[in-house]
Amino acid sequence: MTEQNRIDRRFSRLRGEGRKALVTYIVAGDGGLENTVPLMHQLVASGADMIELGVPFSDPMAEGPVIQKGHERALASGASLRKCLATVREFRQVDEETPVILMGYANPIQRMGEREFADAALDAGVDGALTVDLPAEEAGPLNSLLAERNLRNIFLLTPTTTEERIREITGLASGFVYYVSLKGVTGAGHLDLDSVRDNLEHIRRFTDLPLCVGFGIKDGASARSVSAHGDGAVVGSVLVTAVNEAADLVAAKERVGAIVSEMREALDR
Amino acid sequence: MTKPGAIDFSTFPDASGHFGPYGGRFVSETLISALDELQAMYSRLKDDPEFVAAFDYDLAHYVGRPSPLYLAERLTEQAGGARIWLKREDLNHTGAHKVNNTVGQALLAKHSGKTRVIAETGAGQHGVASATVAARLGLQCTVYMGAEDVKRQSPNVYRMKLLGAEVVPVESGSKTLKDAMNEAMRDWVTNVDNTFYIIGTVAGPHPYPQLVRDFNSIIGREARRQSLEHFGQLPDALVACVGGGSNAIGLFHPFLNDADVKMFGVEAGGEGLASGKHAAPLNDGIPGVLHGNRTYLMEDEDGQIIETHSVSAGLDYPGVGPEHAWLKDIGRVEYVTADDKEALDAFRRLTRTEGILPALESSHAVAYAMKLAASMQPEQNIVVNLSGRGDKDIFTVAAIDDIEV
Numbered sequence: 001m002t003e004q005n006r007i008d009r010r011f012s013r014l015r016g017e018g019r020k021a022l023v024t025y026i027v028a029g030d031g032g033l034e035n036t037v038p039l040m041h042q043l044v045a046s047g048a049d050m051i052e053l054g055v056p057f058s059d060p061m062a063e064g065p066v067i068q069k070g071h072e073r074a075l076a077s078g079a080s081l082r083k084c085l086a087t088v089r090e091f092r093q094v095d096e097e098t099p100v101i102l103m104g105y106a107n108p109i110q111r112m113g114e115r116e117f118a119d120a121a122l123d124a125g126v127d128g129a130l131t132v133d134l135p136a137e138e139a140g141p142l143n144s145l146l147a148e149r150n151l152r153n154i155f156l157l158t159p160t161t162t163e164e165r166i167r168e169i170t171g172l173a174s175g176f177v178y179y180v181s182l183k184g185v186t187g188a189g190h191l192d193l194d195s196v197r198d199n200l201e202h203i204r205r206f207t208d209l210p211l212c213v214g215f216g217i218k219d220g221a222s223a224r225s226v227s228a229h230g231d232g233a234v235v236g237s238v239l240v241t242a243v244n245e246a247a248d249l250v251a252a253k254e255r256v257g258a259i260v261s262e263m264r265e266a267l268d269r
Numbered sequence: 001m002t003k004p005g006a007i008d009f010s011t012f013p014d015a016s017g018h019f020g021p022y023g024g025r026f027v028s029e030t031l032i033s034a035l036d037e038l039q040a041m042y043s044r045l046k047d048d049p050e051f052v053a054a055f056d057y058d059l060a061h062y063v064g065r066p067s068p069l070y071l072a073e074r075l076t077e078q079a080g081g082a083r084i085w086l087k088r089e090d091l092n093h094t095g096a097h098k099v100n101n102t103v104g105q106a107l108l109a110k111h112s113g114k115t116r117v118i119a120e121t122g123a124g125q126h127g128v129a130s131a132t133v134a135a136r137l138g139l140q141c142t143v144y145m146g147a148e149d150v151k152r153q154s155p156n157v158y159r160m161k162l163l164g165a166e167v168v169p170v171e172s173g174s175k176t177l178k179d180a181m182n183e184a185m186r187d188w189v190t191n192v193d194n195t196f197y198i199i200g201t202v203a204g205p206h207p208y209p210q211l212v213r214d215f216n217s218i219i220g221r222e223a224r225r226q227s228l229e230h231f232g233q234l235p236d237a238l239v240a241c242v243g244g245g246s247n248a249i250g251l252f253h254p255f256l257n258d259a260d261v262k263m264f265g266v267e268a269g270g271e272g273l274a275s276g277k278h279a280a281p282l283n284d285g286i287p288g289v290l291h292g293n294r295t296y297l298m299e300d301e302d303g304q305i306i307e308t309h310s311v312s313a314g315l316d317y318p319g320v321g322p323e324h325a326w327l328k329d330i331g332r333v334e335y336v337t338a339d340d341k342e343a344l345d346a347f348r349r350l351t352r353t354e355g356i357l358p359a360l361e362s363s364h365a366v367a368y369a370m371k372l373a374a375s376m377q378p379e380q381n382i383v384v385n386l387s388g389r390g391d392k393d394i395f396t397v398a399a400i401d402d403i404e405v
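Chains D and X, in that order, are what the protein sequence lines are. The numbers in my numbering rise by one with no breaks, and the one at position 264 of the first sequence is 264. The numbers in my numbering rise by one with no breaks, and the one at position 13 of the second sequence is 13.
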């Protein structure tokens with residue numbers, strides 16, 4: 001079992017229990033570098049299955065205004081890819097079970113070097129990476145480096161991804177597939193549930209990987225609706241908003257905890 | 001260094017949009033289908049006789065091409081060396097080379113059936129050129145412009161508004177061109193069903209670096225023909241300023257296979273390379289990934305993009321087109337810098353000696369060309385791309401002179 005990746009282990013447990021995954025996103029360093037690890041523990045305590053830790057970047061092209069500002073605040077507080085890795089290492093001192101995925105952009109990884117990144121991620125206790133601006137055609141080298149270290153590489157699929165690309169991407173993907181529920185940026189608000197259902201059914205024909213749905217998930221009800229046809233829901237912008245609006249760490253933990261608990265209950269209902 | 005002549009430059013980019021290790025498509029999956037659609041359309045149309053004829057017609061009758069190749073005699077005399085010829089892109093409709101590309105992309109937009117165009121802009125020249133073609137075709141137009149640039153380029157903001165465009169000041173990040181480009185990408189991904197994104201430079205994800213280059217290559221094709229007409233041979237050297245690099249690649253590309261033609265791209269040296277306050281990624285940056293392509297970037301040790309500085313807003317960009325990155329590495333083009341002071345001196349010099357008010361961007365090319373000319377022989381010829389006119393910059397220059405206009 002030690003060889004198994006934490007992401008795989010979590011999905012196999014959830015499948016066994018007939019439950020859906022709740023994947024939660026916050027930006028590392030948002031609200032202060034020292035607060036990220038306590039917030040991660042809070043996410044887990046309130047029912048998160050996995051943590052996507054946003055690696056801040058100066059030019060987060062795929063993000064809506066809420067997460068963009070989270071990246072800006074994190075950078076202002078001194079966050080970087082190296083500090084994100086240190087954050088995961090610190091989290092692992094207490095939590096050996098919860099999968100952590102680094103979600104970010106290609107350039108900080110390029111700067112560090114893909115091989116050094118893969119080594120450092122493994123060493124820190126990271127379980128997978130999702131590099132937003134590294135689509136299948138550019139992802140080959142990093143994909144191999146991660147796979148050699150038993151780390152997972154998460155890819156996005158969208159409502160506009162063609163069948164040919166779905167085959168190509170699911171051939172490279174591991175851990176799970178992140179289905180982007182709408183045309184737009186993170187935090188947008190026009191979720192079309194019929195389209196999500198149809199597209200997930202279509203994607204299912206090409207892969208046995210778990211399918212998680214993100215973009216536009218705001219509360220328990222929307223999380224429950226989208227994951228009815230998949231294996232889980234990803235929530236980000238509402239958590240980043242909660243962290244930002246809280247006056248201090250105690251308040252942030254309370255708000256984030258409330259949102260995650262409500263979603264957990266809705267998913268398990 | 002690869003010997004020029006060993007490479008057929010007309011065959012690049014490759015099928016996946018790469019120039020050597022540069023270029024490509026580094027975007028979220030959410031944009032891939034839109035880029036595929038654009039690429040398929042462009043491949044179908046670029047050699048289609050009707051499309052080519054429509055583009056040529058617009059260049060002749062709407063833009064006012066060909067632009068003259070003008071011998072700057074007094075400037076040549078003052079520089080003391082090779083003859084300096086100016087390729088007068090400043091005489092185009094809207095006052096810069098940018099319109100070559102927007103006319104071309106507007107034709108693509110029309111073919112796509114989309115009813116709305118968006119653009120990013122720094123100095124405002126590309127925004128104006130986009131708003132212009134949108135007005136002409138009756139398309140809705142939104143231009144993203146960094147909030148800082150909105151402040152320093154107010155005449156162009158007003159021009160865009162007069163043309164019926166909505167100008168959105170971008171408050172994120174450094175509030176300049178790079179952030180405007182991020183915001184335009186976000187708009188595009190959200191409204192891709194009815195929106196065509198007119199990128200203004202030879203950067204961005206494939207196929208943009210290719211199609212923006214192709215539309216601007218009219219500059220080099222004309223310059224080639226005009227050189228043969230005026231002095232019976234190809235130029236000894238070409239000089240153009242490089243921000244994203246669209247005017248430079250437009251001039252250079254039709255000459256790349258001519259091994260004897262030397263080329264110089266002039267980046268913005270700002271307050272000097274040593275100061276760190278500049279916009280010269282090819283001189284002082286490293287390869288990385290931004291705005292959908294791999295290229296040279298200005299970034300810190302954590303891979304975060306850093307703020308750039310130049311007196312000219314149009315060169316104030318932390319990246320550069322991927323083809324330039326490749327041409328640098330293989331040694332086909334030499335990339336140099338002119339700093340703010342040299343550019344301002346050249347701005348004043350050209351205005352006083354030739355009666356031509358150059359854009360501050362183009363002034364960088366003029367500054368370097370004068371130095372280069374002095375090191376060459378009187379029978380040699382330099383073609384400088386005078387990429388835009390300087391009317392938009394008189395407020396900036398007046399402010400430097402402490403004069404209220």
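Calculated directly from the structure, the hints in this document are not laboratory data. Quick caveat: nothing in here was measured; it's all calculated off a predicted structure. Even glycine gets a Cβ: it sits at the ideal position worked out from N, Cα and C. Each hint should be verified, as a subset may be incorrect.
Now the stretches of chain D that chain X is said to cover, found in silico as 3 or more residues with beta-carbon under 8 Å [claimed, not checked]: (1) 77-91; (2) 180-186.
Within a straight-line C-alpha distance of at most 25 Å, the following computed DMTMM-like cross-link-like pairs (lysine to aspartate or glutamate) qualify [what the hints assert, rightly or not]: (3) Lys69/D / Glu271/X; (4) Lys83/D / Glu114/D; (5) Lys69/D / Asp391/X; (6) Lys83/D / Asp58/X; (7) Lys69/D / Asp302/X; (8) Lys69/D / Glu171/X; (9) Lys151/X / Glu72/D; (10) Lys341/X / Asp193/X; (11) Lys83/D / Asp187/X; (12) Lys69/D / Asp300/X; (13) Lys114/X / Asp192/D; (14) Lys83/D / Glu301/X; (15) Lys69/D / Glu307/X; (16) Lys218/D / Glu307/X; (17) Lys371/X / Glu301/X; (18) Lys328/X / Glu114/D; (19) Lys277/X / Glu168/D; (20) Lys328/X / Glu245/D; (21) Lys83/D / Glu73/X; (22) Lys175/X / Glu114/D; (23) Lys83/D / Asp300/X; (24) Lys218/D / Glu138/D.
Hint check results:
As drawn, the stretch 77-91 of chain D meets chain X at 3 residues by the rule of a beta-carbon pair under 8 Å; at three or more, the given contact holds. Evaluation of the coverage hint for the stretch 180-186 of chain D: fulfilled, as 4 residues show C-beta separations to chain X shorter than 8 Å, against a requirement of three. Between the alpha carbons of Lys69/D and Glu271/X the distance comes to roughly 30 Å, so the proposed pair goes past 25 Å and is violated. The suggested pairing of Lys83/D with Glu114/D holds, with an alpha-carbon distance near 16 Å, which does not exceed 25 Å.
Between Lys69/D and Asp391/X, the direct Cα distance comes to roughly 36 Å. Violation of the 25 Å bound is thereby established for this hinted pair. Restraint check for Lys83/D and Asp58/X: the C-alpha separation of about 54 Å exceeds 25 Å, so the hint is violated. Between Lys69/D and Asp302/X the alpha-carbon distance is near 19 Å, which keeps this suggested pair within the 25 Å criterion. A distance of roughly 11 Å separates the Cα atoms of Lys69/D and Glu171/X; the hinted pair therefore holds under the 25 Å criterion.
For the hint pairing Lys151/X with Glu72/D, the CA-to-CA distance comes to about 22 Å; that is within 25 Å, so the pair holds. Our distance criterion of 25 Å between C-alpha atoms is broken by Lys341/X and Asp193/X, whose separation comes to about 46 Å. The straight-line distance between the Cα atoms of Lys83/D and Asp187/X is roughly 31 Å, outside the 25 Å bound, and the hint therefore fails. Of the pairs offered as hints, the one joining Lys69/D and Asp300/X holds, with about 20 Å between alpha carbons and a cut-off of 25 Å not exceeded.
Among the hinted pairs, Lys114/X with Asp192/D is consistent with the structure: their alpha-carbon atoms are about 23 Å apart, no more than 25 Å. With a C-alpha separation of about 13 Å, the suggested pair Lys83/D and Glu301/X falls inside the 25 Å cut-off, and the hint holds. Of the pairs offered as hints, the one joining Lys69/D and Glu307/X holds, with about 17 Å between alpha carbons and a cut-off of 25 Å not exceeded. In summary, the hint linking Lys218/D to Glu307/X is not supported, as the alpha carbons are separated by about 34 Å, beyond the 25 Å threshold.
This hinted pair does not check out: Lys371/X and Glu301/X have alpha carbons roughly 34 Å apart, beyond 25 Å. A hinted pair counts as satisfied when its Cα atoms are at most 25 Å apart, and Lys328/X with Glu114/D qualifies at roughly 24 Å. Of the pairs offered as hints, the one joining Lys277/X and Glu168/D is violated, with about 43 Å between alpha carbons and a cut-off of 25 Å exceeded. Restraint check: the Cα-Cα separation between Lys328/X and Glu245/D comes to about 47 Å, which exceeds 25 Å; the hinted pair is violated.
A C-alpha spacing of about 59 Å is found between Lys83/D and Glu73/X, which places the hinted pair above 25 Å, so the restraint is violated. Distance restraint check for Lys175/X and Glu114/D: the Cα-Cα separation of roughly 30 Å exceeds the 25 Å cut-off, and the hinted pair is therefore not satisfied. Restraint check for Lys83/D and Asp300/X: satisfied, since their Cα atoms lie roughly 15 Å apart, inside the 25 Å limit. Taking the CA atoms of Lys218/D and Glu138/D, the gap is about 32 Å. The hint is violated against a cut of 25 Å.
Of the numbered hints stated above, those contradicted by the structure are hints 3, 5, 6, 10, 11, 16, 17, 19, 20, 21, 22 and 24, listed in ascending order.
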